[in-house]
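Chains as they are written, first to last, in the working numbering: chain D, 31 to 434; chain C, 7 to 443; chain W, 14 to 246.
To be clear, the hints were calculated from the coordinates, so they are not data collected in a lab. Treat each hint with caution, since some may be false.
[Claimed, not checked] Label pairs and their in silico Cβ distance ranges:
#1 C:T235 x D:M145: 35 to 45 Å
#2 C:T235 x D:T225: 22 to 32 Å
#3 D:W133 x C:E266: 35 to 45 Å
#4 W:S156 x C:M435: 21 to 31 Å
#5 C:V407 x D:A110: 55 to 65 Å
#6 D:A348 x W:R222: 22 to 32 Å
#7 D:M145 x C:P136: 43 to 53 Å
[What the hints assert, rightly or not] A partial selection of chain C residues facing chain D, derived with a Cβ cut-off under 10 Å:
#8 L25
#9 L28
#10 A31
#11 V112
#12 E114
#13 E116
#14 R121
#15 P136
#16 S252
#17 L320
#18 S321
#19 K339
#20 V392
#21 I434
The beta-carbon is built from N, C-alpha and C at its ideal position, and this holds for glycine as well.
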Amino acid sequence: MQFGPIWRALMRNKTGAILIALQVAVTMAIMVNAISIIQTRAEAMARPSGIDEPNIFYISSIGFNDAFNERVAVEEDLAALRAMPGVVDALQTNSVPLSGGGWSMGLQTEPGDDMDGVGVAVYFVDDHALDTYDLELVAGEFFSPTDIEWREGSSSTWPDRTVITVAMAEALFGEDEWRSGVGKTVYINNNEPMTVTGIIDRMQAAWNGWDGVERTMLVPQRTLFGSSRYIIRAEPGLRDELMPQVEEMLAQSNKDRIVRGLRTMEETRERSYRGDASMIKLLMFTIGLLLLITALGIVGLASFSVSRRTKQIGTRRALGATRADIAGYFMSENLLISGMGVLLGAALTVGLNMWMVDAFDLDRMEVWLVPAAMGVLLVVGQLAVFGPARRASSVPPAVATRTV
Amino acid sequence: MFNYYLKLGWLSLRANPLLSLLMVAAIGVGIGACMTILTVNYTMSGNPIPHKSDQLYHVQLDSWDANDPGEDGYNPPDQVTYNDAMALMNGAPGFRQVASNRSGLVLEPEGDDERPFSVDVRNTWADFFPMFDTPFLYGSGWDDTADTTREPVVVLSRELNERVFGGEDSVGRTVRMNGLNFRVVGVLDEWMVVPKFYDVTNGPFNETEEAFIPFNLAVDQELPRNGNTNCWKPPEGDGFEAFKNSECVWIQFWAELRDEQEKAAFSNWLDAYVAEQKELGRFPRPLNNRVLAVMEWMEDRQVVEDDAQVMLGLSFLFLVVCLLNTIGLLLAKFMRKTGDISVRRALGARRSDLFRQHMVEAGLIGLGGGVLGIALTWLGLRGIEVLFGEFVENLVGLDWVMMLTAVGLAIVSALVAGLYPTWRATRIMPASQLKAQ
Amino acid sequence: MLSMQNISMVYRTDTVETHALRQFNLDVGEGEFVAITGPSGSGKTTFLNIAGLLEKFTSGRYELDGKDVSSLSDAATSRVRNEKIGFVFQGFNLIPDLNVFDNVDVPLRYRGFNGAERKQRIERVLDMVGLASRQKHLPAQLSGGQQQRVAIARALAGEPRFLLADEPTGNLDSQMAMSIMELIQEINRGGTTIIMVTHDPTLANLAGRNVHIRDGRVSDSDADTQLAEVAVG
Numbered sequence: 031m032q033f034g035p036i037w038r039a040l041m042r043n044k045t046g047a048i049l050i051a052l053q054v055a056v057t058m059a060i061m062v063n064a065i066s067i068i069q070t071r072a073e074a075m076a077r078p079s080g081i082d083e084p085n086i087f088y089i090s091s092i093g094f095n096d097a098f099n100e101r102v103a104v105e106e107d108l109a110a111l112r113a114m115p116g117v118v119d120a121l122q123t124n125s126v127p128l129s130g131g132g133w134s135m136g137l138q139t140e141p142g143d144d145m146d147g148v149g150v151a152v153y154f155v156d157d158h159a160l161d162t163y164d165l166e167l168v169a170g171e172f173f174s175p176t177d178i179e180w181r182e183g184s185s186s187t188w189p190d191r192t193v194i195t196v197a198m199a200e201a202l203f204g205e206d207e208w209r210s211g212v213g214k215t216v217y218i219n220n221n222e223p224m225t226v227t228g229i230i231d232r233m234q235a236a237w238n239g240w241d242g243v244e245r246t247m248l249v250p251q252r253t254l255f256g257s258s259r260y261i262i263r264a265e266p267g268l269r270d271e272l273m274p275q276v277e278e279m280l281a282q283s284n285k286d287r288i289v290r291g292l293r294t295m296e297e298t299r300e301r302s303y304r305g306d307a308s309m310i311k312l313l314m315f316t317i318g319l320l321l322l323i324t325a326l327g328i329v330g331l332a333s334f335s336v337s338r339r340t341k342q343i344g345t346r347r348a349l350g351a352t353r354a355d356i357a358g359y360f361m362s363e364n365l366l367i368s369g370m371g372v373l374l375g376a377a378l379t380v381g382l383n384m385w386m387v388d389a390f391d392l393d394r395m396e397v398w399l400v401p402a403a404m405g406v407l408l409v410v411g412q413l414a415v416f417g418p419a420r421r422a423s424s425v426p427p428a429v430a431t432r433t434v
Numbered sequence: 007m008f009n010y011y012l013k014l015g016w017l018s019l020r021a022n023p024l025l026s027l028l029m030v031a032a033i034g035v036g037i038g039a040c041m042t043i044l045t046v047n048y049t050m051s052g053n054p055i056p057h058k059s060d061q062l063y064h065v066q067l068d069s070w071d072a073n074d075p076g077e078d079g080y081n082p083p084d085q086v087t088y089n090d091a092m093a094l095m096n097g098a099p100g101f102r103q104v105a106s107n108r109s110g111l112v113l114e115p116e117g118d119d120e121r122p123f124s125v126d127v128r129n130t131w132a133d134f135f136p137m138f139d140t141p142f143l144y145g146s147g148w149d150d151t152a153d154t155t156r157e158p159v160v161v162l163s164r165e166l167n168e169r170v171f172g173g174e175d176s177v178g179r180t181v182r183m184n185g186l187n188f189r190v191v192g193v194l195d196e197w198m199v200v201p202k203f204y205d206v207t208n209g210p211f212n213e214t215e216e217a218f219i220p221f222n223l224a225v226d227q228e229l230p231r232n233g234n235t236n237c238w239k240p241p242e243g244d245g246f247e248a249f250k251n252s253e254c255v256w257i258q259f260w261a262e263l264r265d266e267q268e269k270a271a272f273s274n275w276l277d278a279y280v281a282e283q284k285e286l287g288r289f290p291r292p293l294n295n296r297v298l299a300v301m302e303w304m305e306d307r308q309v310v311e312d313d314a315q316v317m318l319g320l321s322f323l324f325l326v327v328c329l330l331n332t333i334g335l336l337l338a339k340f341m342r343k344t345g346d347i348s349v350r351r352a353l354g355a356r357r358s359d360l361f362r363q364h365m366v367e368a369g370l371i372g373l374g375g376g377v378l379g380i381a382l383t384w385l386g387l388r389g390i391e392v393l394f395g396e397f398v399e400n401l402v403g404l405d406w407v408m409m410l411t412a413v414g415l416a417i418v419s420a421l422v423a424g425l426y427p428t429w430r431a432t433r434i435m436p437a438s439q440l441k442a443q
Numbered sequence: 014m015l016s017m018q019n020i021s022m023v024y025r026t027d028t029v030e031t032h033a034l035r036q037f038n039l040d041v042g043e044g045e046f047v048a049i050t051g052p053s054g055s056g057k058t059t060f061l062n063i064a065g066l067l068e069k070f071t072s073g074r075y076e077l078d079g080k081d082v083s084s085l086s087d088a089a090t091s092r093v094r095n096e097k098i099g100f101v102f103q104g105f106n107l108i109p110d111l112n113v114f115d116n117v118d119v120p121l122r123y124r125g126f127n128g129a130e131r132k133q134r135i136e137r138v139l140d141m142v143g144l145a146s147r148q149k150h151l152p153a154q155l156s157g158g159q160q161q162r163v164a165i166a167r168a169l170a171g172e173p174r175f176l177l178a179d180e181p182t183g184n185l186d187s188q189m190a191m192s193i194m195e196l197i198q199e200i201n202r203g204g205t206t207i208i209m210v211t212h213d214p215t216l217a218n219l220a221g222r223n224v225h226i227r228d229g230r231v232s233d234s235d236a237d238t239q240l241a242e243v244a245v246g
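Bound conformation, chain D alone (with noise of 0.2 Å):
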């Protein structure tokens, strides 16, 4: 098929093209950017919170009256807790991984009011930790039983050891460094100095969004702050029969407190991405409506002008012109006007990305994304233009010698 004579022809009938490829370069602008929006969610939902999500769920303990001895109910909760059947391992803590609550402090490697410290999401557990929660110990020692003391809610002091995750390490003492972290010192509060005794593979804070969600610290304390959570890890498949159970045994084994806030840590990271998985299956709604809407368009006018040149058709096939001619003519026509279109549209694509980098902080998307949207949209555009074209191709030549 010569692409001139239709080139030509095209030219002297510009506004219906023109459109046409308006269209096809804001749907490539819009699609691509939403792509890129969706990748970056994917990925950021992708990163793993480095426990065993599975098996793992949560209730808390608020204790409302004066009779209510919070040291006490700790140490049974957490002693029936570690022995009911198919629990695995279970322990107290402040916060949950993913949840959006949580306590953040900053770690200095120097002490001094005017050092800046590395921002880090604070938990405070046992001697059980990497068991309850499935966490590997990449270098140093974890706390042992006799490591863990007891915090007050005003308490404002730190104990004298903790361990952290491979990032925070990484963020004090260098990338490559992270190793030599073990047994150095470390200062909390600007001044306080704490030892890193261990080094854990990945956990992450209890918020995604924030850029530092791997920088965790543990910190051996079970704390006394009126309300309490559990962490219970359940053996494989027992998780959801033993969660009614836990929350039974809990309530029943103390009057002076109630237990609210079961869930599991799958729905935690429902919950906590809900947003961002939300945003992708708007955005893949959006792009797939806007590429129906666009093949609606090139189907009206490409139908638009096959009735308009029904007679030029006719002639052409009594001019000899095969039924794959005339298909192949309307074929060809709209890979022209498309392929223009995808050329505006990767200009358009580049500007809005650039304008959205630029306003919303978004990531910079990915340039293989530029010529593979080109090429669904051509591909589409002549989905879109396959029937109107098989109709062109059906038009008798008779229709060439009738008037009118």
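Following the hints, put chains C and W in place on chain D, whose structure we already have.
What follows is chains C and W alone, placed relative to chain D:
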């Protein structure tokens, strides 16, 4: 003539139902997409208390660390310390002023079978209720003597009153929370502020609290705090007393200032207060107090989420695609009417007559698109609700402003889309013969 | 009534110049019935378009009803067409979406008459062409002759001084054609000036005067002889 054009437009649309439907659908889908996202944005950026938003001011004092920028960089923190809050409550010259913070208590219902449950609580002052114009179903807020006497009084939300007292007038009755007996002085009617401007820190789209109790009482009793707390240096010593005297910020401070004079007086007082504190060695950073009216504060906090804005931008581009589509279809439609148009010209229609006729036709399509758009917006909002769940519950209502906007936007869009095709239609020459092709 | 002096019409494209009318002169008096004849391509249609103010001409002077209409604005020519000229087309040119009543209504709308006046006029002209009972019919539901009667009614509804007819019977069988011609003659007897373009000498003979166009000029040599030639040829 307008009615005549309406009739012609209607006839023309009816003559070609499929094409008309396609155009109505294209505009409707575009409007639906835009309005769905616009509604969410509009609610997020809505004025939660329009009748007095320019008299209510959020107060910030820059008590932060001179060395480390806080979460807000070198801006003042979004909350204030206990000492500053109390100094302001006691001395600042605002017409009304309220320090409040978020809390959570456990309520023990009467009767042995009922299990205790937790409730969202706001610790606040008597002025909270008149200042934010809270609607009362029964009773009223507490008298300001209760603020000083630390009397255990409580104002319940309508829902909590339903749950505890079955919706009866519970004024004078008692609820037990965290071991304390609180006397009910008032029950709020349905009260919802979106965004929840008076405590953006703890979630701008959270529900309003279920119970309100005196701030001083909560502090005295050391009742648990539930909201965000930020410290740039640790309290000096252990215990609640040390925490109260620390540089930790955890209290939202609002003032009602009725005119510029009151505002100026208030700001001057703040500056003087900070200067005095600097003498005592606090407030290491340069003087940087802020007194922002409700909408300035919402702007400052950027309560409209980036996601919502990105989607808004994309949805308008989406509308552009729909309009390009409509332009193409309208052009095809009007060009098919070449014969009609040239006859009308021959019979004496001016270009302006034809212009109006075809713009009215485009407007009619827009009207159809707008109505369809409202339906699709409703559907879209339900979709958003399903997707995002409880996080957006308060954001997906469709009010008449948005419906009118939808129809208006649809008609304007259709007219814009109609401009070029209509212009082309008016360029058709009058003719004595209808030429085939 | 109508006076054309030295009218020329040149169509230009990039490569070709076509002279459709050359130094064309014609005067038509009040109340006349003039038939314009000529072979295909002689300039008849161009003449009709210019006479009806449908097209601008290249040079010359055109007076209608004593007023120079050579250089009126588009809106002003529309006004003149609407008030002074009635058109009857070969292809009827009814608007297919509008019923008979609404078709006749079209020029009256642009004239700005009120509803009562329009209704009265429409009913009068439809009665005159014998279609009073078909007001609600769509063009497609009428025969060719009836359609042309509607078109004539539409042309007359505004009481123009001047009726332009382009092969008014061209698409009709001979019996219907005669009845349409009778109607046109009757209108002329009522005082309306009529110019009819036709290639049919029998019809042309029904007019008061014949003007023959050839190569874009009025061919002044005995029009009757010319017609006879055409008839024989």
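Hint by hint, here is what the structure shows:
no.: 1; hint: C:T235 x D:M145: 35 to 45 Å; in the structure: violated, 23 Å
no.: 2; hint: C:T235 x D:T225: 22 to 32 Å; in the structure: holds, 27 Å
no.: 3; hint: D:W133 x C:E266: 35 to 45 Å; in the structure: holds, 42 Å
no.: 4; hint: W:S156 x C:M435: 21 to 31 Å; in the structure: holds, 30 Å
no.: 5; hint: C:V407 x D:A110: 55 to 65 Å; in the structure: holds, 57 Å
no.: 6; hint: D:A348 x W:R222: 22 to 32 Å; in the structure: violated, 46 Å
no.: 7; hint: D:M145 x C:P136: 43 to 53 Å; in the structure: holds, 48 Å
no.: 8; hint: L25; in the structure: holds, 8 Å
no.: 9; hint: L28; in the structure: holds, 6 Å
no.: 10; hint: A31; in the structure: holds, 9 Å
no.: 11; hint: V112; in the structure: holds, 3 Å
no.: 12; hint: E114; in the structure: holds, 7 Å
no.: 13; hint: E116; in the structure: violated, 15 Å
no.: 14; hint: R121; in the structure: holds, 7 Å
no.: 15; hint: P136; in the structure: violated, 31 Å
no.: 16; hint: S252; in the structure: holds, 8 Å
no.: 17; hint: L320; in the structure: holds, 6 Å
no.: 18; hint: S321; in the structure: holds, 8 Å
no.: 19; hint: K339; in the structure: holds, 9 Å
no.: 20; hint: V392; in the structure: holds, 9 Å
no.: 21; hint: I434; in the structure: violated, 14 Å
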